[in-house]
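Colleague: Numbering (the working numbering), first residue to last: 1 to 309.
Rather than coming from a laboratory, the hints here were simulated on the basis of the structure.
On a predicted model such as this, the values are computed, not experimentally measured, just so you know.
Hints are supplied without guarantee of correctness; some may be wrong.
In silico EDC-like pairs for lysine to aspartate or glutamate, Cα to Cα no more than 20 Å straight-line [to be verified]:
{"hint": "1", "residue 1": "Lys293", "residue 2": "Glu280"}
{"hint": "2", "residue 1": "Lys293", "residue 2": "Glu266"}
{"hint": "3", "residue 1": "Lys272", "residue 2": "Asp307"}
{"hint": "4", "residue 1": "Lys272", "residue 2": "Glu248"}
{"hint": "5", "residue 1": "Lys272", "residue 2": "Glu247"}
{"hint": "6", "residue 1": "Lys293", "residue 2": "Glu248"}
{"hint": "7", "residue 1": "Lys293", "residue 2": "Glu253"}
{"hint": "8", "residue 1": "Lys272", "residue 2": "Glu240"}
{"hint": "9", "residue 1": "Lys272", "residue 2": "Glu253"}
{"hint": "10", "residue 1": "Lys293", "residue 2": "Asp191"}
{"hint": "11", "residue 1": "Lys293", "residue 2": "Asp194"}
{"hint": "12", "residue 1": "Lys293", "residue 2": "Asp307"}
What follows is a set of in silico ranges between Cβ atoms, one per label pair, in the way DEER data are often shown [as the list claims (entries may be wrong)]:
{"hint": "13", "residue 1": "Asp93", "residue 2": "Trp302", "range": "41 to 49 Å"}
{"hint": "14", "residue 1": "Val96", "residue 2": "Thr31", "range": "17 to 25 Å"}
{"hint": "15", "residue 1": "Pro110", "residue 2": "Val289", "range": "25 to 33 Å"}
{"hint": "16", "residue 1": "Ser179", "residue 2": "Gly103", "range": "29 to 37 Å"}
{"hint": "17", "residue 1": "Gly271", "residue 2": "Ala112", "range": "41 to 49 Å"}
{"hint": "18", "residue 1": "Glu253", "residue 2": "Asp107", "range": "38 to 46 Å"}
{"hint": "19", "residue 1": "Val157", "residue 2": "Asp259", "range": "22 to 30 Å"}
{"hint": "20", "residue 1": "Trp238", "residue 2": "Glu270", "range": "15 to 23 Å"}
Glycine residues also receive a C-beta, built at the ideal position from the N, C-alpha and C atoms.
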Amino acid sequence: MSLVVRSDLRAGRRSSYPRSVENRWVRDALTAVESRCTGQALARHHRISLNFHPDRALGAITILYAMVRDGVYRSQFETGTSNGGLTAHVGGDRWVWEQSMFGGAYDDAPPAERPKYGALNHRHRSLGGAPRFGSAHFRLREHMLDRATFCFPDSAVAPQHFATASSFDLLRLADEHDSALEFDPDDESRDPLDGYVEAQVHGEVVLVQDVEALVLDPCFQRTWVQAQAEALGVPLEWHEGRVLTTEELVRREHYRGPDPVCIGLEIASEGKIDAWAIGEAAASGRYPVQPVKQLWHLTAMWGSPADAS
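Generate the whole structure from the sequences, applying the supplied hints.
Modeller: Here it is, written out as structure tokens:
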């Protein structure tokens, strides 16, 4: 496949807050959230990250190749894929959540206008703000803070706390989540991977204009994933990686149950599991989707940096 980015996306289209609010869906959504916000302005050094798995399939091509081809990051409503729930359709849970969060602003919007989901990486972690949703992430540019709304906890659990970049009071809630886990690490009512501040990014995400860097797991170095990533036209960086040993996998069975553990033991190479191995398992079609996702959760949560494994 030829890796060519459309020239109009690479050179001609700019993305900014003033352009976005001319879009009535975005304007109405931001207005709906602003009415429920409290707090001071968010510090401008924070960045939003969009976590995803770069090697997953989107029809006959990969998600990463689709982004090379189109030059944009698409919503769940466009792709029909998600690393969380698969309910992005009219009447589905995601549709209902957005209707509630944004006051019906997107009820008549085409799929391309729907928000894209990420997290505020306020902890400045190398794996991104919400690694449960993928081993890679796009780090968005500063101006994208102004085209985002935020909530805690995840929108899937009907949050009551919302924010914008100009009125932000959610970090204390995320800190309380972390503190509770430090006090009681065995508290099953709190998942360590759920402590992120969710970000809903409104309007188009044009890669060459809105993305500061693509950050990949080092297991993808010198693979077709790196080759496609380099064709995106955005800076490429590498995080510390995650490698899970089979010994640790078995020890953490309580975290996601036996099914992902069985898959992990089957696909491990020399007693180790990483994002590449999990992607190969997903592509094989041999395993159910959910436990493969959960195997990545185990790896993201309990794995060690690649250079320490």
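Colleague: Next step is simple, just say for each hint if it's right about the structure.
Modeller: How the hints compare with the structure:
1. Lys293 with Glu280: holds, 12 Å
2. Lys293 with Glu266: Given that 20 Å is the threshold and the Cα spacing comes to 15 Å, the pair holds.
3. Lys272 with Asp307: Holds. Lys272 to Asp307 sits at ~13 Å (cutoff 20 Å).
4. Lys272 with Glu248: holds, 10 Å
5. Lys272 with Glu247: holds, 9 Å
6. Lys293 with Glu248: holds, 17 Å
7. Lys293 with Glu253: Roughly 14 Å separates the two Cα atoms, so the pair holds.
8. Lys272 with Glu240: holds, 16 Å
9. Lys272 with Glu253: holds, 16 Å
10. Lys293 with Asp191: holds, 15 Å
11. Lys293 with Asp194: holds, 15 Å
12. Lys293 with Asp307: Roughly 23 Å separates the two Cα atoms, so the pair is violated.
13. Asp93 with Trp302: 41 to 49 Å: This hint is violated: roughly 28 Å between Cβ atoms.
14. Val96 with Thr31: 17 to 25 Å: The hinted range 17 to 25 Å holds for Val96 and Thr31, with Cβ atoms some 20 Å apart.
15. Pro110 with Val289: 25 to 33 Å: Given range 25 to 33 Å: holds, Cβ gap about 27 Å.
16. Ser179 with Gly103: 29 to 37 Å: The hint (29 to 37 Å, Cβ to Cβ) holds, given that Ser179 and Gly103 are roughly 33 Å apart.
17. Gly271 with Ala112: 41 to 49 Å: holds, 44 Å
18. Glu253 with Asp107: 38 to 46 Å: The hinted range 38 to 46 Å holds for Glu253 and Asp107, with Cβ atoms some 43 Å apart.
19. Val157 with Asp259: 22 to 30 Å: holds, 23 Å
20. Trp238 with Glu270: 15 to 23 Å: holds, 22 Å
In the structure shown, a violation is registered for the earlier hints numbered 12 and 13, in ascending order.
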